[in-house]
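Visitor: Protein chains in written order, with this note's numbering: chain A, 90 to 740; chain B, 849 to 1207.
Simulated from the structure, these hints should not be mistaken for laboratory data. Hints may contain errors.
[As the list claims (entries may be wrong)] Result set (BS3-like, lysine-lysine): computed pairs, CA atoms no more than 27 Å apart in a straight line:
#, chain 1, residue 1, chain 2, residue 2
1, A, K102, B, K1177
2, A, K101, B, K1132
3, A, K644, B, K1177
4, B, K971, A, K644
5, A, K553, B, K933
6, A, K629, A, K554
7, B, K1187, B, K1132
[As the list claims (entries may be wrong)] FRET-style restraints, in silico, Cβ to Cβ:
#, chain 1, residue 1, chain 2, residue 2, range
8, B, S983, A, V280, 46 to 54 Å
9, B, D868, A, G601, 51 to 59 Å
10, B, N991, A, V719, 22 to 30 Å
11, B, T1041, A, V719, 53 to 61 Å
Note that CB positions come from ideal geometry on N, CA and C, so glycine has one too.
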Amino acid sequence: MKSRQGAALDRKKFFADPVMVVTIVLLTVLLALFILYPLAMLLLDSVYVRETTLVPLESVLSGEAEASYGQDKATGSRTVKVVNNKKTEQAISLDDLSGSYGFLFASNGRVLKEGEEVDPAATFVKVNASYWTADAFPRIFADYTFNRAFFNTLQLGMITSFGAVIVGLLFAYVDCYVRVKSRVVKKMFDVVSTLPVVSPPFVLSLSMILLFGRGGLITRQLLGIYDSDVYGLSGIAIVQILTFFPVCYMMLKGLLKNIDPSMEEAARNMGAGRWKVFTTVTLPLMLPGLGNAFLVTFIESVADFANPMMIGGSYDTLATTIYLRITGGSYDTTGAAAMAVVLLGITLVLFLIQKYYLEAKTAATLTGKASRARVLIEDRSVRVPLTAICSAVSAFVIMMYIAIPFGALFKLWGRDYSLSLKWFQQLFRDDGFKAFGDSLLLSLIASPITALLSMIISYLVVKKKFRGKAFIEFVSMLAMAVPGTVLGVGYIRGFAGGVFRTGFLQGIYGTGLILVIVFVVRSLPVGTRSGISALRQIDKSIEESAYDLGAGSAKVFTSVTLPLIKDSFLSGLVTTFVRSITAISAIILLVTPRYLLITCRINEFAEKGAYGVACAYATILIAIVYAAIVLMNLCIKYFGTSRQLRRKESD
Amino acid sequence: MAGKEKKGVRLDHISKIYTDPKTGKPFYAVNDVSLDIEPGSFVTLLGPSGCGKTTTLRMIAGFESPDAGEIYLGQEAINALTPNKRDTAMVFQSYALFPHYNVFDNVAYGLKLRKVPKAEIEKRVAAILELVELSGMESRMTNQLSGGQQQRVALARAMVVEPSVLLFDEPLSNLDAKLRVSMRTEIRRIQQTLGITAVYVTHDQAEAMAISDKIIIMNKGVVAQMGTSEEIYHHPNSEFVADFIGEVNFLSGDIIEAQGDSCTLSIAGHPVQVANPDGFPVGKQCKVVLRPEAGILGDSGALPCKVVLSCFMGAYQNYHVMVGDTLVKLADYCPVGRKVYRVGDTAYLSFREGCVHML
Ligand SMILES: Nc1ncnc2c1ncn2[C@@H]1O[C@H](COP(=O)(O)OP(=O)(O)O)[C@@H](O)[C@H]1O
Ligand SMILES: [Mg+2]
Chain A
90 MKSRQGAALD
100 RKKFFADPVM
110 VVTIVLLTVL
120 LALFILYPLA
130 MLLLDSVYVR
140 ETTLVPLESV
150 LSGEAEASYG
160 QDKATGSRTV
170 KVVNNKKTEQ
180 AISLDDLSGS
190 YGFLFASNGR
200 VLKEGEEVDP
210 AATFVKVNAS
220 YWTADAFPRI
230 FADYTFNRAF
240 FNTLQLGMIT
250 SFGAVIVGLL
260 FAYVDCYVRV
270 KSRVVKKMFD
280 VVSTLPVVSP
290 PFVLSLSMIL
300 LFGRGGLITR
310 QLLGIYDSDV
320 YGLSGIAIVQ
330 ILTFFPVCYM
340 MLKGLLKNID
350 PSMEEAARNM
360 GAGRWKVFTT
370 VTLPLMLPGL
380 GNAFLVTFIE
390 SVADFANPMM
400 IGGSYDTLAT
410 TIYLRITGGS
420 YDTTGAAAMA
430 VVLLGITLVL
440 FLIQKYYLEA
450 KTAATLTGKA
460 SRARVLIEDR
470 SVRVPLTAIC
480 SAVSAFVIMM
490 YIAIPFGALF
500 KLWGRDYSLS
510 LKWFQQLFRD
520 DGFKAFGDSL
530 LLSLIASPIT
540 ALLSMIISYL
550 VVKKKFRGKA
560 FIEFVSMLAM
570 AVPGTVLGVG
580 YIRGFAGGVF
590 RTGFLQGIYG
600 TGLILVIVFV
610 VRSLPVGTRS
620 GISALRQIDK
630 SIEESAYDLG
640 AGSAKVFTSV
650 TLPLIKDSFL
660 SGLVTTFVRS
670 ITAISAIILL
680 VTPRYLLITC
690 RINEFAEKGA
700 YGVACAYATI
710 LIAIVYAAIV
720 LMNLCIKYFG
730 TSRQLRRKES
740 D
Chain B
849 MAGKEKKGVR
859 LDHISKIYTD
869 PKTGKPFYAV
879 NDVSLDIEPG
889 SFVTLLGPSG
899 CGKTTTLRMI
909 AGFESPDAGE
919 IYLGQEAINA
929 LTPNKRDTAM
939 VFQSYALFPH
949 YNVFDNVAYG
959 LKLRKVPKAE
969 IEKRVAAILE
979 LVELSGMESR
989 MTNQLSGGQQ
999 QRVALARAMV
1009 VEPSVLLFDE
1019 PLSNLDAKLR
1029 VSMRTEIRRI
1039 QQTLGITAVY
1049 VTHDQAEAMA
1059 ISDKIIIMNK
1069 GVVAQMGTSE
1079 EIYHHPNSEF
1089 VADFIGEVNF
1099 LSGDIIEAQG
1109 DSCTLSIAGH
1119 PVQVANPDGF
1129 PVGKQCKVVL
1139 RPEAGILGDS
1149 GALPCKVVLS
1159 CFMGAYQNYH
1169 VMVGDTLVKL
1179 ADYCPVGRKV
1189 YRVGDTAYLS
1199 FREGCVHML
């Protein structure tokens, strides 16, 4: 083949569109900075140690410290800098301190002024040593706490995923195969399958404690069990299964709908019983899909922070252990970083298997739509027990949710079940207004940014060809596999001292901005995924014709693409809002007293055992989330693209 | 359109290489194509599916970049221009109307981008909608229109910006057969009214013949033949072209005698007189391109043949006859009053004067 000028021309055309070039460069930088960089810092932290030690000036002067730090000197670097009281660094001539990197402190920890007379015995030099190490991983693997958390995490992941897949499958099967006569039951399934998806993460834990804990309404009041213990594996597992099974249900329902009923009818025809058909036809067809659901749940379970935190008791998982390492005062950042790397490793491997292997396989085994509607099972011996089980699960979940507002309304849970508004009053007397204000504000800032960014990313990924596209697509999806706790630790390590500890962007650390950024990063994959699937439905030539008529990329995006995926944009807006206002895992590590967030408050109060206030917070939070979703549906109904399509039908 | 200089399109040794997604091997989707499309003319790219028509058109529009060669719009080389900077407008197979806009906004889209004053936009949109016979439908949403109406909106939207070249990629293939026929006449009429240069892609030879000033037949990425419909129908330069345009029979024979612009062929052992404008020499093996309506059956003639099928089709009597081992399909138009041969009859085939062609 001759030399190809096409590629060169394509490049030229690409650079003729500055808006797009700038957008792509900016996106790449942002994704690298706020997703890849913190993770890279974690990795770095687990192999690169920065230590700070206070050494008496006396011993430095006498050369003793030199000796004791000789080992570090061999592996790392030290230079001298001294800080004056304005905290600006200033080199001062302390020849005797040659080679060390330090700050001078008086014995009370006060930073000395320049030129101040010092007593060498009561003065300390802060020596920073940095060196590469390979022992962080061996060290944590030898660490009992880590080992237990590691084992716990995997055990919990297994149990939860199995449970969630089985319950999800049951619901999906009943939904697709069994005739459910009662409309109430159908409605109940709908509610139950959406509730946990949109609810704050720890609501179920909270009501688990209220209903089944030591002072639980059911365990103690109804059953008279006084030593019931929900804290621990069984408690978390139940709560996680109830939280995550709806996702499995939705995934598996999609699969079952695509199975052509004639395949099963053929098997029935050949004499197979219903159970036989299920095990020999339906189940094998769904196997990749089940695996897919299993892994998705596993990742969620392993990454879950709120539930183990609230109801785990002494059953620590990696996520909670990392949190405790960071906040518990042990300051073992290298250890925490190494643990975060392990946790990230688990979710990342599962994510890659799920995304690149199982998703393709699921699509391959079940292609195309079912050719016609399935004959639903009427048989009582199948219908009654399956419907009963699903109804029981649904009733249980609904009961768990109802417990929350009552937890806020009862005077004293476990003792005095008379109604009062005192917890709400206490909430607002406290910092309630500020907490709701802050949470709302930050979430409301994050959601349009995320919605727009994810639409832009999906547009670029689906409709444009450019170098670095794979990077943008992969990194924005990668965030889905990063547990919040890991991201939080990464942000601490990556931004507390500025980017690469240069002080650049240090200003954002501890501000609301970094919280907004975390919200954006945490919701970006969800928005992007929905944007991508919406855009794939749109005929390429619609945008091409706008381009052809004279619109540049930015104009095509704003005048054609965005209006066409308005629904996806609107739902991205609300999804981000909901995810942000209910988020806890990453931000609990980053939030400063300047901001009070609802979720952190609930966690605090629940930890203190102040369930009344915690429930009051949770009740209002649920109300806000619910209102947001209702609002979104209204918006989509009246402004969304589907309206234009409906108009046709009425025509 | 007044005042605007008409521009032609010139493709100068254009090639496009794609990578076959299955084998991963590169191949020429368009291979060394040179075309010169005159200003104001209507040119059709015709060829079987996958021959590179769309790719050629998309290179003119700027969506694809040629791997070799240069494209000119008028005198200007436009290889490096993006589609939005090219003075072309494309009508897509799927219409590609903006579903969130009504008819007026769809048509006005290109004008708004060009910052045309509002009053003029209204005037021009009204004029073009009048031309495509959609006046009064300005406020309809596009999904409230029939297929033919949508196609006309697409046409209006492309034409209202007064491009130098209109590009059509199989614009009628989503319409039903009857509408297709009336729409193609419509497109031709509008193009003539405005005098815009048009490049039209189709795989339907009847459409191509009905609409074009000039047809360009493509095969496997290369231009097989260019010419008017008559030239291509009557003087195809290859079996491929002959076969692609209309029904055709091929009769092989050797030239046994050549005199001036005529020669004698031996077909299945029988000598036949055929015109020989290209001056093929004696001894050359030739193929006679015989259109079904160019053969006449009679009780006497040069080529004896056996009738194997005879049926009345209304407009013509359809025959299949065997000339030696070759099956020849014939159509005898207006057979009323002439002898009708039956299956099993022996007849004689002769060629209508000037209607056969040798390859
Ligand atoms: N983007 C592409 N990548 C790879 N091959 C392509 C691409 N677009 C078209 N082709 C191939 O190039 C050839 C010509 O395509 P096209 O121009 O669309 O044909 P036509 O319009 O004549 O049917 C076909 O074999 C087609 O499969
Ligand atoms: Mg085509």
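Visitor: Indicate, hint by hint, whether the structure satisfies it.
Guide: Verification of the supplied hints:
1. A:K102 / B:K1177: Violated, at about 53 Å.
2. A:K101 / B:K1132: Violated, because 53 Å separates the two Cα atoms, which is more than 27 Å.
3. A:K644 / B:K1177: Given that 27 Å is the threshold and the Cα spacing comes to 57 Å, the pair is violated.
4. B:K971 / A:K644: 24 Å, holds
5. A:K553 / B:K933: 18 Å, holds
6. A:K629 / A:K554: Judged against 27 Å, a Cα distance of about 13 Å means the pair holds.
7. B:K1187 / B:K1132: 36 Å, violated
8. B:S983 / A:V280: 46 to 54 Å: 52 Å, holds
9. B:D868 / A:G601: 51 to 59 Å: 53 Å, holds
10. B:N991 / A:V719: 22 to 30 Å: Because 28 Å falls inside the window, the suggested range holds.
11. B:T1041 / A:V719: 53 to 61 Å: 54 Å, holds
Figure legend: structure checked against the earlier numbered hints; hints not met, in rising order: 1, 2, 3, 7.
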